[in-house]
Structure formats: C-alpha cells, structure tokens
Amino acid sequence: MLLKKNIPISYVFGKIKLEIALLAIYSVAVYVAHTYLNFPGVSIPIAIPSILGTIISLLLAFRSNQAYDRWWEARTLWGAIVNDSRSFARQVLTFVDNSYDDEDKRVLKERMIKRQMAWCYSLSCHLRGQNAHYCVSKYITEEEKQSIDNMNHVPLALMDQHGNDLRLLMRMGWINEYQQVAMDETLTRFSNAMGGCERIKNTVFPVTYSFYVHILVLLFVLMLPFSLIELFGVFQVPLVVAISSSFFLIEKMAIHLQDPFENKPTDTPTTAISYKIEQDLKQLLRDESPKESEPNRPVDKSTIYYIL
Amino acid sequence: MLLKKNIPISYVFGKIKLEIALLAIYSVAVYVAHTYLNFPGVSIPIAIPSILGTIISLLLAFRSNQAYDRWWEARTLWGAIVNDSRSFARQVLTFVDNSYDDEDKRVLKERMIKRQMAWCYSLSCHLRGQNAHYCVSKYITEEEKQSIDNMNHVPLALMDQHGNDLRLLMRMGWINEYQQVAMDETLTRFSNAMGGCERIKNTVFPVTYSFYVHILVLLFVLMLPFSLIELFGVFQVPLVVAISSSFFLIEKMAIHLQDPFENKPTDTPTTAISYKIEQDLKQLLRDESPKESEPNRPVDKSTIYYIL
Amino acid sequence: MLLKKNIPISYVFGKIKLEIALLAIYSVAVYVAHTYLNFPGVSIPIAIPSILGTIISLLLAFRSNQAYDRWWEARTLWGAIVNDSRSFARQVLTFVDNSYDDEDKRVLKERMIKRQMAWCYSLSCHLRGQNAHYCVSKYITEEEKQSIDNMNHVPLALMDQHGNDLRLLMRMGWINEYQQVAMDETLTRFSNAMGGCERIKNTVFPVTYSFYVHILVLLFVLMLPFSLIELFGVFQVPLVVAISSSFFLIEKMAIHLQDPFENKPTDTPTTAISYKIEQDLKQLLRDESPKESEPNRPVDKSTIYYIL
Amino acid sequence: MLLKKNIPISYVFGKIKLEIALLAIYSVAVYVAHTYLNFPGVSIPIAIPSILGTIISLLLAFRSNQAYDRWWEARTLWGAIVNDSRSFARQVLTFVDNSYDDEDKRVLKERMIKRQMAWCYSLSCHLRGQNAHYCVSKYITEEEKQSIDNMNHVPLALMDQHGNDLRLLMRMGWINEYQQVAMDETLTRFSNAMGGCERIKNTVFPVTYSFYVHILVLLFVLMLPFSLIELFGVFQVPLVVAISSSFFLIEKMAIHLQDPFENKPTDTPTTAISYKIEQDLKQLLRDESPKESEPNRPVDKSTIYYIL
Amino acid sequence: MLLKKNIPISYVFGKIKLEIALLAIYSVAVYVAHTYLNFPGVSIPIAIPSILGTIISLLLAFRSNQAYDRWWEARTLWGAIVNDSRSFARQVLTFVDNSYDDEDKRVLKERMIKRQMAWCYSLSCHLRGQNAHYCVSKYITEEEKQSIDNMNHVPLALMDQHGNDLRLLMRMGWINEYQQVAMDETLTRFSNAMGGCERIKNTVFPVTYSFYVHILVLLFVLMLPFSLIELFGVFQVPLVVAISSSFFLIEKMAIHLQDPFENKPTDTPTTAISYKIEQDLKQLLRDESPKESEPNRPVDKSTIYYIL
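Protein chains in written order, with full-length UniProt numbering: chain A, 1 to 308; chain B, 1 to 308; chain C, 1 to 308; chain D, 1 to 308; chain E, 1 to 308.
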C-alpha cells in the first residue's frame, strides 16, 4: 500500500502533459469563440458524446484487459524464471553429493549457479535489445565468455552450456541418468520461459484496434466542448480536460502494458528480478556476498514505484 | 451460507464511514444551498451523471475482475501449498519404509514433516513482512534454527534444508533415485507456489487505472446532487449516499482483493491455512496433538468471516 | 435437450415465490395509491431505473460469470476425480501382473479399488459436512474402518492408506519402483482435486460485491413502479413483476452456483458422480454388480434435472 | 474462408423460420390494429425497448461466451484425442523394436493401433448415445468384441484392454518398465479427455440463465412494434423482424454451442475427427488403405460446413 | 514501438476502401435528397442508431475478444514450437555424448536437427495448404525424401521418422531408456502443437454470430445519415464515414484474427518463425551458416510490420 502513496501525481500526469495542454487550449478557444465572438457553432446534443463515451469505455476496457494480460503473462514468465532458478540451484546443490568437499565438484556447482545468474541478466538484456555479451561478463569465466563470443543469441548459448555441463556431470558419475533427465526438464522450462518472453516481445498487438480506439477518442474530445458549452459555460473547460485526460491516461496505460520489454521505466522490472535471483542464489551458495552490492537495490525500488 | 449471514453490516460499512459522512454533509449542503439560500446553482441534466455511472460500472466491473483474479490466484496458490504439503508428507511417510520401526528413520521423517509446517508458517510471515525467524521456532530443531539464523529468506533456506535431507535419505539408501526425483518435483512445486505469492506481493496493480477510476467516481459524486435535487428534493440525500457509497464499497473491495498479502483482516488467511496444514500433517504423523491447541482455531474462523 | 424441457416451471419460480408476492403487493399498492387515492407521489423519469437496470445487468453478468467459474471449477475437479479414479484402477489392475491368479494379489487389488470408491464417497460427505465415517462403511474392511476411526479428515486418511498399500506392493515386488512413483503421482492428483474442492468450499465469495448488487436491485425495484405508472397504468404490475423477478432469479442463480458444495438439490452432484465412479470401477473389476443397486440411479437423474 | 461463403443463407434462417413467421404476423397485426382499426393502443417510448435491447445484448453476449467456451473446450478435448492418438501410435511403433520383422510383434502393434481407432469411434458413439458396440466392430478382433460384449461403457473397456496389452508388452520384454509408464501416461491423457467430454455432455448449462434471457427477449419483441409504429409506420414490420430475429439467431447459436455432443448436424464433428485419426494412424501403419473408404469423407466436409 | 509508426495509414484503410467509397456516396445521396430535392425522408431520432451503436460495440468487442484468443493461441502454439525445437536440439546434442567426435554420431545428430527445421517448414506449408513436400526438400536427405513421398501428412511422417531415429539411438546405446522417454515427451509436445494448429485451422468460427453482427452494422450504417442530417447538415458525411468505417475496420480485424493460417500477409508469421528456428538451431549446431541467407530476413520483418 505504501508504494502507491509514493507515486508522485506529477509522474502520472507527466505522461500526458502535451495532450492536457492542447485540450485546455482547444476548449478555451471554443469557449471564447462561442461567448465573446458570438460564433454560432454547432450545438451538439449531449447524447452523442456521452454515448460515444460509453462505446469508448467499453472498447478501452477490453483493450486494457488484453494489454494487462500480456503484461501479466510477461510478469508470470519472469516469476517462473525466479522459481526455476531456485529449483535449478537446489537441484545442482543437492543432486551432486559433495560430502567430502571435493574441490572440483564445488567449482563446477558454483560455475553452474553463476551461469544461471548470467542467463537471467543476459535474457533481460536480450529482450531489451541491449548488448547481452556485456551484461554477463561479471558472472561467467573467461573460457565461457570466449565460447559465446560470436553467438547472436547469448541466452540460448548459455542454456546450451548448461546442457553440456549436465552431460559432464553425468559422465563423471556425479548425477545419475534419472537426475540428468530431471535437470534437463528444468532447462526445458527455462527454454519455455525464454521463448514466451520473445513471443510477447516480437508480436505486435493488433494495430487496427488501437488505431480505431484512438480515432474514436479524438472524435469524442473534439465534440465534447460543443456539447457542454451550453450547460456549463466556462466550467466546461475543467470538465473537458478531466474527462478527456482520463481517456488519454487509460489509453497510455494500455500502450505501456502491452509492450512489457521496451526498456522504459514502466516495463517488467527484469533487471531488478535478475538482481533478486542473484541474491537468492548467493544465499543458497552460502556465499556471503559483500554488502557493497546492496546500493544497487534502489534500482529495484524505483522500478517498482513507477509501474504505471 | 451461514457464514455470510453472520457478517455484521457494521463491519461492511465501517470501511467507508468517513466517505459516507462526507457525502451526507455535502449533499445536505447542496440541498440547503439550493432550497433555502436560493442558490441558483448549476442544474445538471440527469443524463450526465447516469451515463458517467454506466462508464464507472463498466470500468469498476473490469477492475474488480482483475483484482478478484489476483486474489483468487493467491488463494489457489495457498490451496496448492495445502495439497503439496499433504502429498509431501505422504511421500515422506510411504517412500521411506520403516516396517522395523527404526528410530533414526522415525526421527528424520518427523523432522521433515515438522519442517514442512515451519515452511508454511515462515512463508506466511515472509509475505506479510513479519519476522519469519520467530514464526518457525516452534517447529524446527535448535540446529536448524542456527543454520538459518543469518539468512534473509527463511522459506528458501528451509526448502534448501529439505533438499539436503532428500540427499541424506538417498545416501542412506532409504529412498531410491526415482523417489528422490519424485520428491524433488514436489519441492519444485513448493518453490513455484512461493514464487507465485512473491510475484503477487511485489507487483503493484497498474496504478493509473485505479487512479482514473477514482477520479471518475469523485466527479460522479460531486455532480450527482445537482442532478437529483430538482427531481427528488430532500430525498436526494439518501439516494446520493446510497448510490455513491455503493461505488465506494466496490472500489474498496477491489483495493483489498488486489493485494492479498497485506496483513489485514481481509486478506488471504495464510495463518489459518498454515494451521490447517499443521493439523492435517499431525493426523498423518498419527501424532495425537494436544487438544489445547484447538483454542487457536477461532483465529481461523474469524479470518474467514470477515473476508470482505 | 430433453433434460431441460422436463424442468417444471414451478421449480424455477418456487425459488423466488416470496419475492414475487411482495413485489406484486408493492406494485399494486403503488397503483392504488396513485390512481384512487390521488396520492401525488414522486414521478420518476424512466431514465433513472432503466439506466440503473443497465448497471445492474452489467454487474450481475460479471458476478454470474465468476459464480459460474467457481461452479464449473468444482465440476471440473470432480470430473478429474472420475478420470483419475479410472486411471488409478487401470494402473492397479495392469501394473500388478496377476497372470497366475494369485489370491493375495487379487484381494489387494480389489481392496485398493474399493477403497478408491470409498474415498470418493467420503470426499463427497466431507465437503457437505456429513459424517464421512458413515459414508465409507460399505466399501472398506473392518480393519481399515478401525484405523480411520479417530481421524477427523477421512479422505486424507484413506489417501494415506493408499500410500501404505503402494509401499506394500513395492515391498512385495509386485510393482517396480518406477511404477510406484507413477501411481504416487496419481495419488498426488487426487490430493490436488481434494484440496481444490476444499478451497472452493472454504473460501467465501467476496461478500461486499453481492451485498452491493443486492442493494442496487432493491433500489431499482422500489423505483420501478413510480416510473412505469404514468406510461402503463395498471399494466405496470405485470411489467414490474416480470422485470424485477428476472433480476432476482439471476441473482439467486449466482448465489447457488457460487457455493457448489452446500448439500442443496442444485449443487455439484457429488453423490451421483461417486455412484458413477463405483459403476465404472466395478466394470473394470469385472465384478458383475447386482442389478438391485440400480434403483439408486434416480438420485443421480433428479439431481441433474434440477441444476438451477 | 471458402467454407463460410458456402453456407446457404437458407440454412441459417431455417433454424428460426417459425419465429420469423410469428413475428411478421404479430407486427403486421399491430400495424393494422393501429392504423386501420384506430386501435388506441399503448404507445411505448422508444427508450424502454432500446434499453431492454442493451441489457439483452449484454446478457446474450456473456451467455454466448460461456456456451462458446463449452463448445471450444469440447473441440479442444477432441483435438487432444487427435494428438494423443498420434503420439500413442508413435510410441507403439517406435518403443517396440521390430527390426527383425517378428510377426507376433507386428500383429500386436497393429491390434493396438486399430483398437485406438476403435476407441475414438466408440467414444464418439458413446457421447451421442448411439450403440458403441456397433461402431467399433470394424476395427477390433472377434475375441476383443466378445470381451466387451456385456460392458456398458465401451470406451472404458477398450482403455482397459490397452492397459492389458501394455502389461503383455512388458511381460514379453518388448518394452521396458520406463516405457510402460510413459505409455500409461498417454492412456491417462485419453482417460482425461474421455472424462472431460462426459463432463460436458452430462452437465446441464444453468437453466435459469437461459430461461431469464428468453423471457426478456420475448418481452422485448412484444414491446418493439408499439415503440416503432409511430416513428416508422409500416416500415416497422421489417425492422421488427430484422432486429428480433437477430436476437433469436444468437440465442439459438448459444443453445447449439452449449451442448456439443447432441448428434445434430451442428455439433462437434466427432465422426469426422475419428475418420481423420483413422487416416493418420493408417499412414503411420504404412497400411495403404483402400481408396474406397474415401467416399466417407463428405460426411466430414458437410459437417464442417454447417457448423452454425 | 517503432514498428507501429511504420505502418502506412494507407495499408490500414486499403482493407476497407470499397466500403468507405460506398458509404460516402450513400451519405452524400441522403444529404442531396434531403436538402436540394426536398425529399421528406424519415427523420430517425438519434437515440435509435446510437443505442444500436452501443449494442454493436458490445458484440464486436466480445467477438474480437474471441478472434483475438484464437490468434493468440495460434501464436502461442508456434511459440511453443520454437521452445520445443530448441529443447529438442539441446537434448539431441547433450544426451548423445560425442566426446571422441564419432562421425556417425555427428551425422545422426545433424540429421535429426535438420529434420526438425524441415518439420517446422513442413507444418507451416501444411497449415497454409501449400505443397509440404516442396518446402522440406532443402533440409532432409534423399532417402528421407523418398520415404515421405507418398504420404499426405508430411509433418506427421517426419515426426514418425524422429521416433524411428530415437529407437535407433536407443538400439545403438547412444541414449539410455530414460533419455529416450524424455525425448519422446518432446515429440509428444510437437504432436500437441501440430494438432492444436490443425484444430484452429479446421474449426470454423461460429458463422451465425459474425453474420448477425454484420447485419446489425449494415442496419446501423443505413440509419445513421437520417439521424445526423438534421443536426449536422453536410457535416454528417464525414461523421458517417468516420464512425461507420471504424465499425468496418474492427469487423475486418476480427475476421483476419480468427483465421490465423490463411496465407495472407496478416496471419501468424509461420515462415518467419521457422526461419528463426533454423537460425537458432544452426547456432546450436555451431554450423556457421553462410551470411547469404540473411537477405531472406526481410520476409520476416515485412510480415511483422503488417500484422493488422
């Protein structure tokens, strides 16, 4: 609850500053033309814009529903990445029995878990169109870095390395064949989550629908002052601005929600989630991570604050 | 059905006391200004607020739908925790064959099942932002307590201990490799349920939507008395209060439903569900639990009563 | 299709007899007061109740949607119980190879399949708050009856016995470890279905929503005669009754659908489904069941007839 | 796209011939009474039927949504049967290694795949209340026919035989235990699809909802001519017929969609799908099926043409 | 975001050129008849078309919802094909241990992965009714080509070959029995995705619904000029065109979305997705594909641009 109270009103309205300004000018102009210039104008019965308003509400509600579903699916996919990363780490740590503290085993386990962190960051960068090679450099070894150097699809290459390490674990006899298949299923789930994110990223929301709704909203806004001027006089200006900007706001929200991987402050907080996964996996590694990485946390917070 | 009849009306309206009071004062003021002070006022045609009402109903219905979906998903996740806790206990009890009543086996089985109870309580505390270390102290051994002492994420640490015990069971030869993987899948489901709850907890419902609906409701409420005063005279006061408070009520409900882990009397009854899991697992342990823990039950009941 | 034609109209309206009577009296009273007593009354423009009607329709439609979803989920869970019971019986019969007609094997297989019937009946009773111990007595042995005697949660205890029998099958070498895990997965699905039903049973549908809709319907009904009296005169009485009782009917339907385990003639036909499962499992057991159990069938039929 | 153009308009309207005729007579009668007989009549303001129309549209839209969901679920279940039948055949063919062309293996494999065809046809007949024994006779051996002779539930009995054959394969050492369980999972999916279809078949769509909507439509239709007569004169007759028959059409569609297994030309094309499965499995068997079975295909086509 | 800005307005309107032209002519004719020819005409109160508009919006919104669901399901199925193709390749590469660089193993692995590419292209062609034999020729060996030569259902035949290769891998001892079953599960998922696409392709969207909505839209369009002429005079022409073409646009969109495999520029980009899978699998094969295949990429881009 606290989170919401902290959202500055200015942020919300900052998104539609321009629209509000134009709207205010337009409705003042209508008022002036009507009152002082005795411009006859077309007096539109209130029924037309209000019923247009009902239609727009209906379409807008359906549209935000679909945009919300895309956004929530993206969030759920990243939630699944959190879950599966933890499960994967648990499998790595408990399937490979290291009671005698074998250094080789310890190194391999750590390498796999760190690569999982790298995979999360690389997927985050990949989806946002950033250089995924750069994102993962902190978490993987030099050798791994070289082998993915000329790959286009970094997360896919890292998944492939996971698979190779599973084969290695199997060949060393550190896991049995049944455990290999169980861990391969976890990799399949990662693959599904990755593909799901790419599907949302690459599939454009049907454009005509948005376009049509936008035209109706404009039509509505243009008519509104002519309907309200007789009834409210100068008070129509704030009314027009309030009602119209509501429609614009909700339209903007749908546009933001429908593309959740566009590297805007309002999208799915993939970096923050990756950071959280890193923390959790480090806890599981019992790797007392230096507290100096804490300061990164605010990134997380601010991202959540401003989810539109 | 009985449950519902017991909900005191006062509880339902207690949520919107302030709004009702302000509404009454406002509409009386409008009545007085209009009737006795001969305040000309703006007479708003009934069409405007009533169509605004249709729009609000539509948006509110969609919004409660989405809030309801979050709430129901949270409930379903906790339902899955109940199911999986029972399945996990059944697996512990039936996979480990203890026909000769081996004390070591008995102790380990009991430890795992009690840790499962601890996990449920710790997740409940973790989600509500309470001290999870304190919640679990009744159910786990001193040794376990120490090992999770400097962990931030208690449920995750307990899951890790579950994994370690699975490895132990495997090394002792008490379960075979298939059974280890089958039980590991149950742990994966716990991990998914935990991650799902955290996802709902940490993802803010799109704020603009709520904000927009709230503004429309206020606009509607401010206009309503001016529309009804001509038709109904003084009777507009109860009408305004009744219609407006309906909108406020339904808005409040959506706000409560959309954040199901906020430690309010109306959220998902995680403590009661954890208690139920404890009872069920104790039955499976054939551990005739002392009846003095019964008195805790009312917590459960009262929580259910007041689900808004 | 036949089923529907058989539903007596009287049954449908029996649900709202009282409401219809009160409505008729009220609208006649309004007519009399208006026409003969020259009671001035408040003449309400038709716009108000008709737009209120639109709002109510919208909310009612959404609400029946959610209630329908609960009901359909309950039905689907019981459908899953049918499927899994058949699958479980098939697994018992085909995994345990009894080519040499070993009496011990035959007895154990029959015991497990009969216990599955008992589990279905016990879950049905448990959900409806009936004495589950009594429901299962026909299907399980004396020994089993004693062991569940002091258990509160009978279906859970029966599931536990299933698990024990799986362990027994495994220890006897009648199934292999892989088959044990596969059958344990079936038990997990039973556990999930059971938990899902309990979740629906124990989670109250958000009360405020129902309450709010109910208040709006009452408001609508109270206003309606005053709006129609001028236009229709005495004909307003049947119109008021017809329109209002539609709203009441649909509200009643939602209330019935949202609580599908309340032991009313209209809820999920758990007894009939359990009986169907019994028949199917008996066919699989090639146990030519005596035809004298057929007469129970009508319970099934009548239950289905009157699903509201 | 071609498919749709071929639907004769007469077919669509054939469904509501009677309603259209009655409507035309009724509205002509209203016109005659109003115009020539100077029947005063009740002039109903246009607001009432048009708002009633909005309410009906809303409820009808929700209802067709739910009916559509049932129909689509039925279609999806049969889609799953197609998929799983192919998967099952693939498993039979590739798990049982027949490199040395063992006649016994070949016969058993063919028997199982043909029984799968039989199962699809038998489920189709079972759901439509036809004699399932007759449907399967072409595909199974005499021996199998006898063993299911006194079974009520033919598809269930065939599934049981599948299970027995799996056990046989296992006992012969032709598949390993792991493969047996994997194929058993496929049988479980068949069992789930079968149970899902039965659930849809046996669960009546809530009747009150349909009933309520139907009453509202009638009320609307009866009022409509009185509202339009003043505005449109004799032109009200085609208008009344057009608008009303739209409502009737959409209502009819919902009724057809909600019961997808009623052996009408418009339901789920289970026979056509079974035929398709037969063709696909024959291709997998490399059994060059005689082209004389092709003529059955038109059944498929015509069924699809007339999906309402 | 960029993508959308690039969609030429002309493309969007190109779809409804004819409708717009007819509409303009019709409304001009109404204007001329009304104004200059003193054609009395029927003056329709604004209430009728505007409420008709609300009804149409509602039905259209529901319909586009269902069409969108079909389209999104088709997209999700192809997303699953991407995921599973990657998982399958990973399984082929990591389950078969080729540390000593055995040429036979290398060839077989490459053959299976290339056949997977072929399967994607063949499914794409099969769904669009193109010659699937032609589509796959680039990816499979001569021997494979011959064996599928007289098959109708190419993707199904390729799946069967995958199954045969799995058996071969198993017989050679290159994978163990668990791994065979795990890879068979991947084949089952391909089978499910293929069946799901065929289901969407072969199931006609309920025609009556579309038909009904279309009739209402026409009715609305025919009435609109008569309602607006009095209020707006000549300005009714652009208004009629704007509002009506919005309805036509949204109707067109629903028609396109509901049939996502019709080989139109606006359907699911199956070729582009197949190409992407090819690239990803080639990366996994570490097969530095020649850059001259890049020029094919634009096909992908343009397809995505014009998703309506």
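No lab work stands behind these hints: they were computed from the structure. The structure displayed is predicted, hence computed values, not measured ones. Hints should not be assumed to be uniformly reliable.
Pairs involving identical chains hold if they fit within one copy or between any two copies, as the list cannot separate such chains.
Claimed, not checked - Below, in silico cross-link-like pairs of lysine-lysine (DSS-like), each with a Cα-Cα straight-line distance of 27 Å or less:
| hint | residue 1 | residue 2 |
| --- | --- | --- |
| 1 | 276 | 201 |
| 2 | 282 | 201 |
| 3 | 145 | 282 |
| 4 | 252 | 138 |
| 5 | 201 | 252 |
| 6 | 145 | 276 |
| 7 | 15 | 145 |
| 8 | 138 | 15 |
| 9 | 282 | 252 |
| 10 | 105 | 15 |
| 11 | 282 | 17 |
| 12 | 138 | 17 |
Which hint numbers doesn't this structure obey? Per hint list: 4, 7, 8, 9, 10, 11, 12 violated.
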